[in-house]
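Protein chains: 2
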Amino acid sequence: MESLKKYQSYINKELLARINSPQYQNPKGLYEPCAYILKNGGKRVRASLVLMASKMFSGNYNNAISVALAFETFHNFTLIHDDIMDGALIRRGQDTVHVKWDVNTAILSGDAVMILAYQFFQESELHVPQLFNLLNTTALEVCEGQQYDIDLEHMSLSDSIVTQEQHITMIELKTSVLIAACLKAGAIIGGASEEDSDLLYEFGRHVGIAFQLQDDLLDSFGNVHTFGKKIGGDILENKKTFLVIKALQNLSSSDAQLLVDLYSKKDISSKEKISSVLHLFTKAGVKEETEKIVEEYFAKAEKHLEKLSLSFEQKKELYAFQSDLKMRAF
Amino acid sequence: MESLKKYQSYINKELLARINSPQYQNPKGLYEPCAYILKNGGKRVRASLVLMASKMFSGNYNNAISVALAFETFHNFTLIHDDIMDGALIRRGQDTVHVKWDVNTAILSGDAVMILAYQFFQESELHVPQLFNLLNTTALEVCEGQQYDIDLEHMSLSDSIVTQEQHITMIELKTSVLIAACLKAGAIIGGASEEDSDLLYEFGRHVGIAFQLQDDLLDSFGNVHTFGKKIGGDILENKKTFLVIKALQNLSSSDAQLLVDLYSKKDISSKEKISSVLHLFTKAGVKEETEKIVEEYFAKAEKHLEKLSLSFEQKKELYAFQSDLKMRAF
Numbered sequence: 001m002e003s004l005k006k007y008q009s010y011i012n013k014e015l016l017a018r019i020n021s022p023q024y025q026n027p028k029g030l031y032e033p034c035a036y037i038l039k040n041g042g043k044r045v046r047a048s049l050v051l052m053a054s055k056m057f058s059g060n061y062n063n064a065i066s067v068a069l070a071f072e073t074f075h076n077f078t079l080i081h082d083d084i085m086d087g088a089l090i091r092r093g094q095d096t097v098h099v100k101w102d103v104n105t106a107i108l109s110g111d112a113v114m115i116l117a118y119q120f121f122q123e124s125e126l127h128v129p130q131l132f133n134l135l136n137t138t139a140l141e142v143c144e145g146q147q148y149d150i151d152l153e154h155m156s157l158s159d160s161i162v163t164q165e166q167h168i169t170m171i172e173l174k175t176s177v178l179i180a181a182c183l184k185a186g187a188i189i190g191g192a193s194e195e196d197s198d199l200l201y202e203f204g205r206h207v208g209i210a211f212q213l214q215d216d217l218l219d220s221f222g223n224v225h226t227f228g229k230k231i232g233g234d235i236l237e238n239k240k241t242f243l244v245i246k247a248l249q250n251l252s253s254s255d256a257q258l259l260v261d262l263y264s265k266k267d268i269s270s271k272e273k274i275s276s277v278l279h280l281f282t283k284a285g286v287k288e289e290t291e292k293i294v295e296e297y298f299a300k301a302e303k304h305l306e307k308l309s310l311s312f313e314q315k316k317e318l319y320a321f322q323s324d325l326k327m328r329a330f
Numbered sequence: 001m002e003s004l005k006k007y008q009s010y011i012n013k014e015l016l017a018r019i020n021s022p023q024y025q026n027p028k029g030l031y032e033p034c035a036y037i038l039k040n041g042g043k044r045v046r047a048s049l050v051l052m053a054s055k056m057f058s059g060n061y062n063n064a065i066s067v068a069l070a071f072e073t074f075h076n077f078t079l080i081h082d083d084i085m086d087g088a089l090i091r092r093g094q095d096t097v098h099v100k101w102d103v104n105t106a107i108l109s110g111d112a113v114m115i116l117a118y119q120f121f122q123e124s125e126l127h128v129p130q131l132f133n134l135l136n137t138t139a140l141e142v143c144e145g146q147q148y149d150i151d152l153e154h155m156s157l158s159d160s161i162v163t164q165e166q167h168i169t170m171i172e173l174k175t176s177v178l179i180a181a182c183l184k185a186g187a188i189i190g191g192a193s194e195e196d197s198d199l200l201y202e203f204g205r206h207v208g209i210a211f212q213l214q215d216d217l218l219d220s221f222g223n224v225h226t227f228g229k230k231i232g233g234d235i236l237e238n239k240k241t242f243l244v245i246k247a248l249q250n251l252s253s254s255d256a257q258l259l260v261d262l263y264s265k266k267d268i269s270s271k272e273k274i275s276s277v278l279h280l281f282t283k284a285g286v287k288e289e290t291e292k293i294v295e296e297y298f299a300k301a302e303k304h305l306e307k308l309s310l311s312f313e314q315k316k317e318l319y320a321f322q323s324d325l326k327m328r329a330f
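These protein sequence lines are chains G and X, in that order. Be aware that the first sequence starts at 1, since it is given in the working numbering, and climbs by one per residue. Be aware that the second sequence starts at 1, since it is given in the working numbering, and climbs by one per residue.
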């Protein structure tokens, strides 16, 4: 993402300096998987948001780096354990930790990565009680979100007519609160008022929900060339995305039953399954409806950004960030 | 343990008050397993040691309760994840979390229990930087110890002639540093000097090693009525205890080979396996030798206790604690 570029190399440099330090080398069986996930970067969205928010208020972001790395590292811990739970084989184009090593290694090194997050956090002496509370609260909420996701996946599709609100609560906890907390943490470090910190939190919460719903949309309706992943992956994995929930609500009971049957059918080709499901999604109007909801969340996010007591110049980077997200490849 | 009794009910009451609070109720799939492990008590050794150490120096232990619960809760997190890794079925007489629920639930609720430890820690405002560093350092060391243990278990027995020192380093990290850190944390809260805090840490480190070696001994040579567990459990599980390491060092190469063979033999009754292994242990003189080493560690522990700048009256509880450990049922 263009808007994050200026932060990424600084974040990578600081993270590497820590991971490569002598104290994190032995036993190799523990620390090699930690380094593997932490070095195999990703976009460093969360750490960048901490730095970006801090800079908005103080013009400076160097003193926010430890907290930025703490949130980024916590995120990487969740990836290791979530990948075990989801049976995911590939992450950022490489084998997941439990595939490259084994499940026990992924459990233990995931634990170590979480503790590393707290060790990086510990480096900072700024606003400790407030930020520690934010980190802990958010960490627990992310676990709650993962549990709600598991609960949802365990329901049979015919029973899973959960409300749109319940599904969004799951997304919010699993994805958005961490984005929101990163922005708030940066704001606190930058010396923002409580009101401004909370506005940034709300901006992040809404953007995070929009982002995740958009992800569900792209997986079914994206352009394979620009999305970068195979279209229909969620459908083949029978994932209970927002689109499925919405479709079950909108379709006639016979069409809804057809959709449920498609998700449990085994003697069907991937191509046929994807096209049949997409046909029902289209019939249910979920693309347009979800696009509208995504738009609404982005609009709500923007309202919070507008209210911030800063100049447009100071908010520019966050506007660019939101705009980057909005323009993700259809 | 008699010496811990006065603290246990206070610890249980304070822990229950937290676990039962509304914020830790939903989703049930996450928090029920957390409450299950945390309520199914154990002896609360670690929390008791924090309180005991605090009281030694300040006469008061109420202000150490949050930190005590943090260390106790961290210990319970390690139990959930270690039990998955070890394939353990029973813990404190009940099904382990991954047996009662499943592995994914045990991973996620274990993660949540670790975060709870940090939330309890966060309640305290005393000596935060120093204690936070102690908690994080110790937490990572415990993971390192678990990894060294896994590495050891993965070696074939014939290759695993590791030195006594390597084995003790594993025990030290996996078990002792947490005991030591609890005592040091309590001392810091009680206002102890740096020298006294370090002396208590060393006391705990040596006692912890003695305790674990004694555990290995009791499992092979204990009295079934007083030990409370089946004798020979470690042998049947092919665990690479200190006794095996020691026996392989002491035995002639032909007897050592016999021992290796016994550990890989499948067509042998439990009774015959245990008695044959015990025969070789006896031939190798491991009982007497390990008893001597246990004695030495207890003696070293006591030396550190003696050096503390406190009256005998103030140290009385810790002497009683050590004496309780020493007298564990043979």
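Simulated from the structure, these hints should not be mistaken for laboratory data. Any given hint might turn out to be false.
Same chains, same label: a pair holds when it works inside one copy or across any pair of copies.
Derived lysine-lysine pairs resembling DSS-like cross-links, with alpha carbons at most 27 Å apart [unchecked claim]:
#  : residue 1 : residue 2
1  : LYS239    : LYS100
2  : LYS273    : LYS5
3  : LYS55     : LYS239
4  : LYS28     : LYS239
5  : LYS5      : LYS239
6  : LYS28     : LYS300
7  : LYS239    : LYS316
8  : LYS271    : LYS39
9  : LYS266    : LYS307
10 : LYS43     : LYS303
11 : LYS283    : LYS39
12 : LYS265    : LYS326
13 : LYS43     : LYS315
14 : LYS315    : LYS292
15 : LYS273    : LYS316
16 : LYS292    : LYS303
We went through each hint and held it up to the structure:
Within a single copy, LYS239 and LYS100 get their C-alpha atoms as close as 24 Å, and across copies as close as 26 Å, so both meet the 27 Å cut-off. Taking the shortest Cα distances, LYS273 and LYS5 never come within 27 Å of each other, neither inside one copy (39 Å) nor across copies (63 Å). In this assembly of identical chains, the alpha carbons of LYS55 and LYS239 never lie at most 27 Å apart, being 38 Å within a copy and 54 Å across copies at closest. Taking the closest pair of Cα atoms, LYS28 and LYS239 come within 27 Å of each other only across two copies (22 Å); inside a single copy the shortest separation is 36 Å, beyond that limit.
Neither within a single protomer nor between protomers do LYS5 and LYS239 lie at most 27 Å apart by alpha-carbon distance, with minima of 32 Å and 51 Å respectively. For the identical chains of this complex, LYS28 and LYS300 are neighbours neither inside a copy (47 Å) nor across copies (31 Å), given an alpha-carbon limit of 27 Å. For the homomeric pair LYS239 and LYS316, neither the shortest alpha-carbon distance inside one copy (36 Å) nor that between copies (61 Å) is at most 27 Å. When the C-alpha separation of LYS271 and LYS39 is checked against a cutoff of 27 Å, the pair qualifies neither within a copy, at 36 Å, nor between copies, at 51 Å.
Taking identical chains as interchangeable, the C-alpha atoms of LYS266 and LYS307 are never at most 27 Å apart, the minima being 52 Å within one chain and 72 Å between chains. In this assembly of identical chains, the alpha carbons of LYS43 and LYS303 lie at most 27 Å apart only when taken from the same copy (26 Å versus 54 Å across copies). In this homomeric assembly, LYS283 and LYS39 never come within 27 Å of each other (Cα to Cα): the closest approach is 44 Å inside a single copy and 51 Å across copies. Within a single copy, LYS265 and LYS326 get their C-alpha atoms no closer than 35 Å, and across copies no closer than 63 Å, so neither meets the 27 Å cut-off.
Proximity of LYS43 and LYS315 under a CA criterion of 27 Å is satisfied intra-copy only: 21 Å inside one chain copy versus 55 Å between copies. In this assembly of identical chains, LYS315 and LYS292 lie within 27 Å of each other by CA distance solely inside one copy; the values are 25 Å within and 69 Å between copies. Taking the shortest Cα distances, LYS273 and LYS316 never come within 27 Å of each other, neither inside one copy (44 Å) nor across copies (73 Å). When the C-alpha separation of LYS292 and LYS303 is checked against a cutoff of 27 Å, the pair qualifies only within one copy, where the shortest distance is 16 Å, while the shortest distance between copies is 72 Å.
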